[in-house]
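Enquirer: The lines below spell out each chain.
There are 4 protein chains.
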Amino acid sequence: MTIRIFVTGGTFDKEYNELNGTLYFQDTHLPEMLKLGRSRLKVQIRTLMMVDSLEMTESDHKIIVDNCKKCPEDKIIITHGTDTMVETAAFIAKEITNKTIILTGALVPYKFGSSDGLFNLGSSLAFVQNLPYGVYISMNGRVFHSNNVRKNKQLGEFEEINHTGHE
Amino acid sequence: MTIRIFVTGGTFDKEYNELNGTLYFQDTHLPEMLKLGRSRLKVQIRTLMMVDSLEMTESDHKIIVDNCKKCPEDKIIITHGTDTMVETAAFIAKEITNKTIILTGALVPYKFGSSDGLFNLGSSLAFVQNLPYGVYISMNGRVFHSNNVRKNKQLGEFEEINHTGHE
Amino acid sequence: MTIRIFVTGGTFDKEYNELNGTLYFQDTHLPEMLKLGRSRLKVQIRTLMMVDSLEMTESDHKIIVDNCKKCPEDKIIITHGTDTMVETAAFIAKEITNKTIILTGALVPYKFGSSDGLFNLGSSLAFVQNLPYGVYISMNGRVFHSNNVRKNKQLGEFEEINHTGHE
Amino acid sequence: MTIRIFVTGGTFDKEYNELNGTLYFQDTHLPEMLKLGRSRLKVQIRTLMMVDSLEMTESDHKIIVDNCKKCPEDKIIITHGTDTMVETAAFIAKEITNKTIILTGALVPYKFGSSDGLFNLGSSLAFVQNLPYGVYISMNGRVFHSNNVRKNKQLGEFEEINHTGHE
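Chains as they are written, first to last, in my numbering: chain A, 185 to 351; chain B, 185 to 351; chain C, 185 to 351; chain D, 185 to 351.
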């Protein structure tokens with residue numbers, strides 16, 4: 185079994201430019217993170233784009249879907265900015281039904297020391313091995329179906345849409 | 185759903201004593217690690233012991249089994265040293281069949297900067313949510329049934345017992 | 185001997201806001217950094233302001249000078265953003281001649297993992313103990329008189345004004 | 185001006201062997217640490233040995249002295265384990281009087297995340313630039329003459345021999 189990882193950017197991979205104090209993208213840290221986690225899973229990593237998810241376009245969405253469709257693997261992880269992760273997941277879910285696809289990300293860049301990225305990567309790689317076909321978001325140790333998740337921007341966490349419905 | 189976490193020590197929680205240059209145990213880092221991972225899972229953490237797994241006794245095994253049995257949760261993670269993790273998993277598997285129990289650990293202490301602990305914690309918390317009742321080991325991004333796993337001490341990784349059987 | 189440390193903000197103390205992905209100031213990390221360095225120097229730390237040095241006003245300069253003048257210590261370190269560190273040093277040098285004052289900072293925030301802050305703090309605390317009265321900038325392991333230093337923004341390092349004069 | 189750095193091992197450069205859980209030496213981290221500190225000082229680094237200072241022999245002391253004597257630089261930093269740093273400094277002081285030599289080290293290995301090594305390196309590089317010829321120890325942000333320093337093993341810090349004499 186090989187797991188496919190598609191990199192699209194997001195906070196996960198942001199870096200600090202020490203010459204001008206801004207955040208920017210360079211290369212993905214996925215290989216380094218998998219090494220740090222002593223992962224022994226077979227993975228294929230491909231960087232599709234390196235963008236802030238607020239700047240992701242429909243064209244980017246199509247590139248993601250195309251790559252998910254054409255790769256031979258049926259277990260796919262997509263690293264993605266958290267701001268529009270829900271929208272991208274919904275877009276993919278409309279197009280692909282015969283693969284297990286998990287979107288994940290981080291609230292703090294991996295390079296910044298207190299990142300949730302490594303934890304989320306560990307969770308996502310576990311979820312993708314055991315969940316049935318479908319599109320999911322894995323954040324905060326949890327996993328959500330793409331049709332029942334939203335980002336709570338006040339708390340900086342993901343939750344079910346009907347989160348408070350039982351109250 | 186609440187996940188129970190039992191802490192038994194192991195490399196996971198080792199610290200460096202700067203006064204004499206030795207490794208030792210103080211408190212567990214689990215709460216700090218869950219915070220770092222921005223985990224929003226409901227967990228109950230209890231430290232059962234703080235030992236190097238090479239020093240774990242049958243009495244310790246019984247304490248672990250007793251606690252797994254009597255806690256109300258049926259999803260349990262046990263942090264454990266890697267050297268005898270397989271033996272402890274086998275011991276538990278003989279005693280408990282109606283819970284999902286995952287043993288995990290780390291090759292490098294969490295406090296030492298290049299630890300696989302956070303990654304393994306992320307994986308374990310994911311696996312425990314979706315796997316059927318049974319006793320498992322989760323290391324290296326993978327999950328193994330307690331009856332088909334060994335530690336490869338040369339490589340520092342876990343693998344199936346019949347790993348090379350197909351050759 | 186007590187060393188006075190005045191905190192003014194700068195990259196040194198910047199943090200990452202995980203809710204909106206921007207950089208901001210919270211508290212200074214100086215006490216934590218001194219603890220990490222196992223410093224046994226007697227220091228008095230006071231936060232004067234928490235600003236990006238590009239936003240520092242003449243009013244801020246006056247606050248800094250006033251505090252340097254009125255504190256009883258004659259060995260003073262000022263943490264400061266690197267962009268206008270040279271200007272602030274020149275301003276202080278015109279006003280104070282009977283103390284050893286060292287401005288220092290960092291190119292990467294302390295919280296971001298690959299910071300030069302701890303190294304610069306170590307250097308500054310050493311320089312301030314042994315240099316004669318005057319205003320200096322300590323960065324990159326070096327120390328510069330306030331009247332012979334500039335920031336090379338292309339390289340992100342400090343150098344003598346007459347750096348290339350000998351060529 | 186070029187500063188010579190001699191590496192002899194010590195806690196500074198210890199690493200964690202994840203296969204057997206012991207501490208050991210591999211390569212020195214000095215170049216990496218200087219890069220992290222964005223040091224722009226001209227340095228020449230040479231590893232003389234990689235030993236725990238408790239295992240340092242008279243033969244090792246002679247190698248250190250010989251190298252200090254024959255190198256062209258008169259500003260020298262020696263990284264050294266803290267347990268016998270005082271003895272080595274005294275040995276060197278008897279042999280060399282026409283150079284500024286600073287011994288430094290760390291209480292926690294650089295690779296372990298909470299190390300004082302980077303701070304001490306920053307201090308030592310500053311002290312070596314401005315102190316007169318002599319042999320010194322720089323730890324805890326302070327600098328001590330080789331004839332007036334001891335390690336307080338209870339506190340894990342260095343202090344003057346006559347530290348409590350005034351009480």
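Don't read these hints as lab results, they were simulated from the structure.
Mixed in with the good hints there might be a few duds.
It does not matter which identical chain is used: a pair holds within one copy or between any two.
[Said to hold, decoys possible] Listed below are the simulated DMTMM-like cross-link pairs for lysine to aspartate or glutamate, each with C-alpha atoms no more than 25 Å apart in a straight line: (1) K219 / E239; (2) K283 / D267; (3) K253 / E343; (4) K278 / E199; (5) K295 / E341; (6) K278 / D244; (7) K295 / E202; (8) K219 / E199; (9) K253 / E341; (10) K226 / E202; (11) K295 / D258; (12) K219 / D244; (13) K295 / D211; (14) K295 / E199; (15) K295 / D250; (16) K335 / E216; (17) K226 / D236; (18) K254 / E341; (19) K254 / E343; (20) K337 / D244; (21) K246 / E216; (22) K295 / E216; (23) K219 / E257; (24) K254 / D244; (25) K337 / D250; (26) K295 / E242; (27) K337 / E279.
Note that the structure is predicted; figures quoted are calculated from it, not measured.
Enquirer: Check the structure against each numbered hint from earlier and tell me which ones fail, lowest number first.
Expert: 1, 3, 4, 9, 11, 12, 15, 17, 18, 19, 21, 25, 26 and 27
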